[in-house]
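In order, the protein sequence lines correspond to chains A and B.
Okay, so the first sequence: first residue is 0 according to numbering that gives the first Met the number 0, each after it adds one.
Okay, so the second sequence: first residue is 0 according to numbering that gives the first Met the number 0, each after it adds one.
Since the hints were derived computationally from the structure, they do not count as laboratory data.
Note that this is a predicted model, so its numbers are computed, not measured.
Fair warning: there could be bad hints in the mix.
Lysine to any residue pairs mimicking SDA-like chemistry, simulated, CA-CA at most 20 Å apart [stated by the list, open to error]: (1) Lys159(A) <-> Pro192(A); (2) Lys165(B) <-> Lys128(B); (3) Lys59(A) <-> Gly273(A); (4) Lys137(B) <-> Arg233(A); (5) Lys9(A) <-> Lys128(B); (6) Lys131(A) <-> Ala79(A); (7) Lys5(A) <-> Thr187(B); (8) Lys82(A) <-> Tyr125(A); (9) Lys159(A) <-> Arg179(A); (10) Lys185(A) <-> Gly209(A); (11) Lys224(B) <-> Ala269(B); (12) Lys247(A) <-> Gly68(B); (13) Lys5(A) <-> Gln10(B); (14) Lys9(A) <-> Pro86(B); (15) Lys9(A) <-> Gly83(B); (16) Lys9(A) <-> Arg109(B); (17) Lys131(A) <-> Asp176(A); (18) Lys128(B) <-> Gly190(A); (19) Lys5(A) <-> Asp104(B); (20) Lys82(A) <-> Gly151(A); (21) Lys9(A) <-> Arg126(B); (22) Lys82(A) <-> Leu97(A); (23) Lys159(A) <-> Gly190(A); (24) Lys88(A) <-> Asp145(A); (25) Lys14(B) <-> Val420(A); (26) Lys5(A) <-> Pro86(B); (27) Lys329(A) <-> Ser133(B); (28) Lys185(A) <-> Leu164(A); (29) Lys247(A) <-> Arg126(B); (30) Lys82(A) <-> Ala117(A); (31) Lys247(A) <-> Glu70(B); (32) Lys128(B) <-> Val13(A); (33) Lys9(A) <-> Ser89(B); (34) Lys59(A) <-> Ala117(A); (35) Lys88(A) <-> Gln143(A); (36) Lys9(A) <-> Glu70(B); (37) Lys5(A) <-> Phe88(B).
Not everything, but these chain B residues come out facing chain A in the computed CB check (under 8 Å) [unchecked claim]: (38) Asp48; (39) Ala73; (40) Phe132.
Every residue, glycine too, gets a C-beta built ideally from N, C-alpha and C.
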Amino acid sequence: MLDLVKFEFKKLLVRRTSLIACAGILVMLCGIMTLNIVQTKTASDAGEVLNGAAAIAHQKEKAAAHEGVLTVERVREEVAAYKALAFSKVDPADVAGLSDDAAYALMKQAYDEDEFRAIYDSYYSYLLSPWKVGALESYQVAAQLDDGAAGGFYEAVAGKLQRTLDNGMGGTWTYSDAERAYWMDKQDGVGEPLAYGYAGGWSDVLACLGFFAFAMVAVCIALTPVFSGEYQDRTDAVLLSSRYGRSKLVAAKIVAALAFATAYFALAALVIMGAALAFFGAEGGDLPVQVLSLSIPYDLTMAEATWTAVGIAYLMTLGFAGLTLLLSSKLRSQLAIFATCAVLVFLTGMIPSGGNAVLLHALYLFPINGLNDQVLFNSLVSYPVGSFAIDLVGLLACVYALVLAACVPLAARAFRRHQVV
Amino acid sequence: MDLTIDRLTKQFGSKIAVDRVSTRLTPGVYGLLGANGAGKTTLMRMVCDVLRPTSGEIRFDGRDVRLLGDEYRARLGYLPQDFGYYPDFSALDFMCYLAALKGLDRRAARRRSLELLETVGLADVARQKVRTFSGGMKQRLGIAQAVLNDPAVLVLDEPTAGLDPKERVRFRNLIASFAQDKIVVLSTHIVSDVEYIADEILVMRAGAFIMQGAPTDVVASVAGKVWECHVDVRQADELAATSCVSNVHYAADGHAVARVVADEAPVAGARALDPTLEDVYLYVFRDEVVPLS
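Sequences and hints are given; from them, build the entire structure.
As structure tokens, then:
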């Protein structure tokens with residue numbers, strides 16, 4: 000059996016088209032990750048534009064300046080300090096009622112460059128986000144907060160979740176009671192107080208999740224000929240007439256295919272995660288995922304959230320590997336198999352939802368839409384199942400595990416029953 | 000040991016490719032003769048368990064081969080027509096792969112593969128990729144893989160396609176030496192492939208056996224139907240267009256000597272000849288033979 004697996008693995012590796020596609024996609028991923036690092040930009044405290052490693056170093060410095068536990072006391076003090084800074088030259092009442100643009104113009108006029116940059120520090124936007132409604136700027140949010148309100152920081156976080164559920168994705172989705180209860184339970188499970196700090200490497204991996212779709216396509220290309228190649232190359236007659244042609248060979252093909260998918264995914268993960276963690280830094284893995292957004296209702300660390308998302312991408316890859324094997328066992332045309340997989344992986348990202356939340360919920364189940372940290376952790380995507388609810392992370396895991404579990408035996412059965420005509 | 004084919008039928012839509020074929024094969028070499036489309040390949044695919052019959056069954060030592068499954072296939076060797084290869088495998092890898100499929104352990108697989116590559120004259124290129132092989136070399140590799148597991152039933156579908164005359168002779172000798180105590184079924188439309196090595200000839204037409212027996216008996220069936228005709232060139236051309244002419248030799252003096260297969264003497268003065276298996280083939284398939292013209 001082991002020998003057969005090795006030979007099947009070798010068959011996958013020596014096919015020129017597969018080799019070129021897989022190597023090409025890995026090179027492309029390396030290129031994308033290099034650009035991701037090189038093109039990182041930020042403004043220094045002096046207003047100078049920093050690129051690449053310098054930008055990353057500056058981001059680390061800025062986050063380090065605010066790192067620590069977000070106790071209610073600290074939040075209260077920092078919000079008060081921010082208000083003092085933002086309203087040293089402008090009356091809060093003046094910006095509270097203005098439009099975003101008008102408020103921006105007023106602040107820009109009132110403060111010099113250094114002060115203005117300090118007011119626009121993304122940390123304060125993060126800290127004030129639980130009270131934020133619509134597209135208000137941080138100082139507009141602060142202007143509406145009375146001095147004691149900041150003491151209810153964690154209540155505000157929970158309140159924001161409630162408002163988001165009430166809003167129902169802009170009025171397009173009505174959360175069922177089960178869904179509401181599910182999300183409120185999730186939120187209650189988030190540990191308090193939260194910690195803040197730098198987790199640039201982990202957040203970059205999450206931001207790059209979508210690139211795993213390329214790895215899926217490479218796996219589909221490589222696995223397309225597993226069965227159909229035998230039909231097309233007319234090797235099926237000898238294989239199926241051999242002693243183990245309908246038993247161990249089928250198992251060997253499936254083991255080799257899934258091992259290949261795993262190995263290739265691991266390589267892609269090494270490129271994506273390796274580059275991100277090496278250049279943006281691996282620190283911050285133990286920080287809560289709420290460093291990305293306070294409205295995330297998951298009790299996960301950054302590392303846990305990242306591994307969960309990468310695990311989902313891996314399950315998707317295996318699911319697509321299973322689907323490819325099934326198509327390969329049924330169809331002779333390798334182009335048709337590849338086209339089907341490519342459409343499901345990529346073209347589902349181009350289908351406009353037109354504000355239809357049901358369609359959007361369906362589209363989230365495909366890699367190009369689902370592999371997105373915002374969608375996975377922050378968009379409150381859930382599916383009512385009778386009196387229960389399941390979130391997108393859970394449903395993706397179930398769907399792709401089911402696809403794998405259903406497709407693999409069907410593919411094996413189809414090959415075993417294949418007739419040489 | 001016997002292989003019984005019992006009322007085996009294969010139908011593709013409205014076309015019957017194999018029509019209630021029955022026979023019992025015991026150890027020996029069987030030459031399966033038939034024109035293209037006669038149903039030989041379909042029959043062989045069913046014998047090799049890669050094509051399900053519409054009805055009927057095949058029994059190996061009295062047991063249905065479909066129920067025997069792996070057990071039957073473990074004793075089977077098969078060289079299909081238009082056999083595909085893995086171009087990026089070396090000949091040795093290819094053999095070892097198929098040996099693993101046939102259940103040989105790694106050491107035995109390697110030893111047997113090297114032995115057989117030597118036997119078919121591919122030892123020197125054992126580590127070369129199959130993509131670099133000529134058609135004849137690939138065919139020899141196909142023959143070698145078919146006997147890897149020392150099969151009790153060896154099925155060879157057009158095994159000499161692509162072989163030059165010297166290779167065909169070598170192939171015939173290889174099969175003759177291998178065939179002892181085995182059932183070898185060899186399908187071909189090249190009569191000379193089976194003329195000297197077959198113990199029995201099976202002639203297939205329109206999906207059914209129309210003739211079956213020892214080569215001498217089969218050949219005897221056309222005794223008195225093979226003629227040597229001494230004619231002029233014009234008559235020779237007429238004969239070629241209207242009769243089943245197996246051979247014409249044009250002499251320097253303007254005359255021709257034609258070998259004609261026909262029920263009656265085609266011209267006055269025609270002399271009856273001893274028939275050969277090729278004459279049988281031409282006689283049986285005279286409707287399908289394209290006249291020389």
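Okay, the hints, checked on the actual structure:
no.	hint	verdict
1	Lys159(A) <-> Pro192(A)	holds, 17 Å
2	Lys165(B) <-> Lys128(B)	violated, 24 Å
3	Lys59(A) <-> Gly273(A)	holds, 18 Å
4	Lys137(B) <-> Arg233(A)	holds, 14 Å
5	Lys9(A) <-> Lys128(B)	holds, 14 Å
6	Lys131(A) <-> Ala79(A)	holds, 16 Å
7	Lys5(A) <-> Thr187(B)	violated, 36 Å
8	Lys82(A) <-> Tyr125(A)	holds, 15 Å
9	Lys159(A) <-> Arg179(A)	holds, 13 Å
10	Lys185(A) <-> Gly209(A)	violated, 25 Å
11	Lys224(B) <-> Ala269(B)	holds, 11 Å
12	Lys247(A) <-> Gly68(B)	holds, 13 Å
13	Lys5(A) <-> Gln10(B)	violated, 39 Å
14	Lys9(A) <-> Pro86(B)	holds, 12 Å
15	Lys9(A) <-> Gly83(B)	holds, 17 Å
16	Lys9(A) <-> Arg109(B)	holds, 17 Å
17	Lys131(A) <-> Asp176(A)	violated, 25 Å
18	Lys128(B) <-> Gly190(A)	violated, 62 Å
19	Lys5(A) <-> Asp104(B)	holds, 14 Å
20	Lys82(A) <-> Gly151(A)	holds, 16 Å
21	Lys9(A) <-> Arg126(B)	holds, 15 Å
22	Lys82(A) <-> Leu97(A)	holds, 17 Å
23	Lys159(A) <-> Gly190(A)	holds, 17 Å
24	Lys88(A) <-> Asp145(A)	holds, 18 Å
25	Lys14(B) <-> Val420(A)	holds, 14 Å
26	Lys5(A) <-> Pro86(B)	holds, 17 Å
27	Lys329(A) <-> Ser133(B)	violated, 32 Å
28	Lys185(A) <-> Leu164(A)	holds, 13 Å
29	Lys247(A) <-> Arg126(B)	violated, 26 Å
30	Lys82(A) <-> Ala117(A)	holds, 12 Å
31	Lys247(A) <-> Glu70(B)	holds, 13 Å
32	Lys128(B) <-> Val13(A)	holds, 11 Å
33	Lys9(A) <-> Ser89(B)	holds, 12 Å
34	Lys59(A) <-> Ala117(A)	holds, 16 Å
35	Lys88(A) <-> Gln143(A)	holds, 17 Å
36	Lys9(A) <-> Glu70(B)	violated, 28 Å
37	Lys5(A) <-> Phe88(B)	holds, 13 Å
38	Asp48	holds, 6 Å
39	Ala73	holds, 4 Å
40	Phe132	violated, 15 Å
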